[in-house]
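Once you have looked at the hints, place chains Y, A and V on chain U.
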Amino acid sequence: MPPTITPLNTEREKKRRIEDHDSGHGRRPPTDKRTGGGGDNDNWNDRPQGRRGPRENLGRARLAIFFALAGDLMFFVAIVSAFFVSQSSGRYNAYNQYINEWLPTVIPPILWLNTAILLLSSVTVEIARRHMFRENDVMDEWLGLGKPITRSAIPWVSATTVLGLLFLAGQWIGWSQLAAEHVFFRSNPSSHFFFLITYTHAIHLFLGITALTVTLVGLYKSRQLETRQILVDCTAWYWHAMGLFWIFLFALLVFFQ
Amino acid sequence: MSPIFHTAAVLSLPWWLPSNASVHGATLDRHLLLNLWIILALLTLAHLLLIVGLLRRRTTELKDLWRIEYLPLAILALLFALLTVKAESLWAASRYTGADPAALQIEVTGVQFAWYFRYPGTDATFGVTKPQLVAPGEGNPLGIDPTDPHSADDFITSELVLPANREVDLHLRAQDVIHGFSIPEMRLKQNAVPGHTIHVHFTPTTPGTYAVLCTQLCGLGHYRMNATVRVLSPAEFAQWLATKQKAAQP
Amino acid sequence: MNFRRPILIRLILIAVLGIASATIHAQGCAQCRDSASATPRSTQRAYRHAIVLLTVTAGVFFVGTLTIFKRRR
Amino acid sequence: MNPHRRRQSIFTTDHRTIGLQYLILALISVVIGTLLSLLMRIHLVWPDWSLPLHGPILPEDYLALVTIHGTIMLFFVLTTAPQSGFGNLILPAQIGARHMAFPRLNAASFWLTAIALLVLLSSTFAPGGSAISGWTAYPPLSAVASAGPGQALGMDLWLASIALFSIASTISAINTLVTIISLRCEGMTWDRLPLTVWGWFTAALLSIIAFSVLLAALLLLFCDRHVGTSFFLPTGNLVNGILHTKGNGSPLLWLHLFWFFGHPEVYIAILPGMGLTSMLLANFSHRRVFAYRTMIATTLLIGFLGILLWGHHMFVAGLNPFASSAFSISTMAIALPASAKVLSWIATTWRSRPQYTTAMLFSLGFVSLFITGGLTGPILAQPILDEYLHNTFFVVAHFHLIMAMAGVFALFAATYYWFPLMTAHRGKPARLMSEPLGRLHFWLTLLGAYATFLPMHLAGLAGQPRHYAQLTGIPGPGGSLSPAGHLLATTIPLNRLITYAAIFLAAAQIIFFINLVRSLRHGDVAPTNPWQATTLEWHPFLHPNAGPQASDVVITVHHTPCLYICSPSGDTFVPQWENKITVDLPAESKPE
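Chains as they are written, first to last, in this note's numbering: chain U, 1 to 257; chain Y, 1001 to 1250; chain A, 2001 to 2073; chain V, 3001 to 3592.
Bound-form chain U, shown alone:
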């Protein structure tokens, strides 16, 4: 990349000229080009922290999300292992008969619909995420020619939010259907786990919806392209993970009771 676009001395000084669409990243185009070749011995990795190109903060945020999700995975794995133990924990009663109180909880059919909705929402959020990284539009937006990618991403993010809310509503209906059949959290070992799993997952999804709303606000308000990208990207990964967790948990509830 010719040094006329990226004079090195401006690389070294940390200025943030947002009007100039320079978010302190050396006024580099926000595309994920690995430089270092092309004759200019100017490798982004040789730069001091915080000036290694546009994807640096993004990668950092992604890393954090992935570690958080790993912890979350352990959380659900712990619950699932408890599920297996409790499921097959019978006992010998006074008359030496083997008793296992575990009665499988019927899955309300609406949960299948919810699952479909959640998968669909995963697709929409992925589309939104892809939009944020379409290279030419990113370049336009970075050059200040309107906000093409943000504008095209907003409807998809909102769609995801709506679908997420639909999912939660569907779960609510499922719970109330079970309540109508007098199946509650406390009813039976299997219902303990059904409600525990659906509730905890719903809480996670609620957090996800909060993140989506924050993202929407950010898309409107934030003046930095990078922030907007990070918001959408991390929310999308979190949302995907929640979808994946739900597939496993739902399969567990449907097939392994």
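Think of the hints as simulated: they come from the structure by calculation, not from any bench.
The structure presented is a predicted model; accordingly, all values stated were derived computationally and were not measured.
Where hints are given, some of them may not hold.
[As the list claims (entries may be wrong)] Straight-line distance between alpha carbons at most 25 Å, and here's what the computed SDA-like set of lysine to any residue pairs gives: (1) Y:1130 / V:3238; (2) Y:1130 / Y:1148; (3) Y:1130 / V:3145.
[What the hints assert, rightly or not] Here are some chain V residues the structure puts well away from chain U; computed CB gaps all over 10 Å: (4) 3247; (5) 3447; (6) 3559.
[Claimed, not checked] Away from chain Y, derived, C-beta distances all over 10 Å, residues of chain V: (7) 3032; (8) 3049; (9) 3104; (10) 3107; (11) 3127; (12) 3226; (13) 3506; (14) 3511.
From the three backbone atoms N, C-alpha and C, an ideal C-beta is built for every residue, glycine too.
Just chains Y, A and V now, kept in the frame of chain U:
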């Protein structure tokens, strides 16, 4: 009383394991002693190396030769492996297999904060217990079901009376919280867990009275949840059993 | 993290073979009467699965993180 | 100082300030925890001594002391101070970064931790007092409010506090990991990372794994207490007339989940200390760390094995005997990487004529305590021996030596070593702690530590169980001692000795506080690199008082740490940031 006095008192008294009164205890003690000697040796060796190394004249640093780095590790690995094998074999001997069917069956129940010992009586079967029927006030602390024919001749004691040199099979149960059943002199320790019946078996040898302690935090009375084991000669035990059973008959 | 790979790998192998194989048999034993009468075999199997599930997930995350970030500069 | 400025300085996102805040929190906690332990020791040998403003210490008070002592020490001291305190204060500089990856998250996790501590302490004022079920909170004792005083609101507050703490440390672990992975300066390759950073890294990985599982377990326990589920409560569980009529829960499930967290937690507490010890021994004996790469490998291996051996806490808890064997084998396996570390420590100092600064003394003390406390580990790892020693004072002695004392020695070493970087703050000069006072403090503490915890082994061998509020047993007929009473009473003189030693040990810490307070204002002003250290936290441009213009200087690393060259012409050392291989010591960086 002054610290010095107590140092003297401590040093004068023999601080060691309580006397052993069980069959498997002897081997356990030997293995424990072996371990203690080994770690004492390793402890002194390591500290000697450390101190000598610190005191001697400065030289150029050790190159990490394999014989400094890996040989000691290999030796330690071998040592630990041997200890593990020995320990596992002892553990297998005492726990992998159940008690001999002819063993004396006794049910031990832990309740905040007491131990109850139930003997099956002449029919050699324990009567049914139901938690709904538990009524310590009416002399039924374990909730024995009177309608069950087996329960008529069961009798409950507050001290564990055993014959010497006969294997005992304890059925450990807990009514409320986790308790730890432990007889230090028998080198025996096993938790009693609510909802589980855990078997542990051993053979007392020397007659005498020994302590039963609760070794798992079970509430504010934990420190006083003790009982007594009385090991009798077989003849005495038969006599004791006879009197108890006569008393138990309706 | 280009330190002496064989050591680490050998050690981890020993660990995995030694422990994993051992933990597979954790909680499950047919012939041992004491614990069989204490907990039904189905329960023992369930505990075994739970233990393996927890350890394997955790171990994979631990080792996976290392192997992935070893590649990074 | 106007309110705005003050708010800025309290709710700061500056990693150094947050690190100091963590350390202050840990200091407050350790003082409280120590006082509680003294109360226990005193009550144990003088049961009828009554606490002023409170009256005699009842059994439930004693158990509450046990619970809060354990919880505070393990969570709010041994987890917080090394991992979050020194982690924030030193870690970024040691990898050549100028901030943590997520400053706001950092502040958030600190304030969550602070709230958790307040919630825990507030449980003292709950009706019935604090929880009495120990830091392991075994159900049903912890699951049923009627199981004892303090098991109602006190237990709920305990649950809330630990849940908050788990979330906080997960956040801070994520922050640590991302910082180490993505904020290393150029040239800081994985095998050039200081062993302290490796310690923090492994501990953070373990935190993410362990605390999530703990959180799940706490959730299940909460449901058992308040939603009417039966995860840990079996049918027919009858506690003080409260009968649990349904469900197929088992207390053993809690034991598994808790110890899956609980054992890694021990390594979270000690791994940073191990790393620091390696670095300090090398630094003050002017040697390379012996077998540096093996040390990295063993750190990771200890972390990895740490996940696989929780069952050795459950040998007598109703675990299947085969499982006991499996866990016993895995536990014996971890003795090897630990011994490898000890070997490296001895080999590093071997014939080095080190420079006996206080930090060095405490590191040597760490090695000694680690050996002494660690060697009893293999004994307790053998189920057949654990069958006698489980829950006796032998165990108490073991983990107090290897975890509590060794961990605290590492913290002392870190404090004396990094004190200049703590005091140099917002233009205040970097100060050193008083060395003579420090040496006195070290020798008294070492003496006190051994005098307190070595006799405990004997008490344990004599059969004295843990958690006993009194050692009298039930008096038999005519006030005669029952067999139990007799067994327990034999250890009373020994316990008096232990109590005296514990009071001595606690009193010795007053010297440390005097030193601390005095040195904050009047300590000698430290040069930029007072210890001839080679790691980046002493880089002139990463120094807290380096000034704004330094923040643009590019930090580059050229060597592994602890590059001390011992040549006939004289010993030299090459900091990680030095480019040339031989340097003669600058005059001002000579140690006093």
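Structure-based check of all given hints:
1. Y:1130 / V:3238: 10 Å, holds
2. Y:1130 / Y:1148: 11 Å, holds
3. Y:1130 / V:3145: 22 Å, holds
4. 3247: At about 6 Å from chain U, residue 3247 of chain V fails to clear the 10 Å cut-off, so the statement is violated.
5. 3447: Given that every Cβ of chain U is farther than 10 Å from that of residue 3447 of chain V, nearest at about 42 Å, it holds.
6. 3559: At roughly 18 Å from the nearest Cβ of chain U, residue 3559 of chain V sits farther out than 10 Å, so the non-interface label holds.
7. 3032: About 21 Å separates residue 3032 of chain V from the closest Cβ of chain Y, which puts it past 10 Å; holds.
8. 3049: Holds, since 14 Å exceeds 10 Å.
9. 3104: 41 Å, holds
10. 3107: Holds: least Cβ distance 37 Å, greater than 10 Å.
11. 3127: 15 Å, holds
12. 3226: For residue 3226 of chain V, whose nearest Cβ neighbour in chain Y is about 19 Å away, the distance exceeds 10 Å, so it holds.
13. 3506: 15 Å, holds
14. 3511: About 20 Å separates residue 3511 of chain V from the closest Cβ of chain Y, which puts it past 10 Å; holds.
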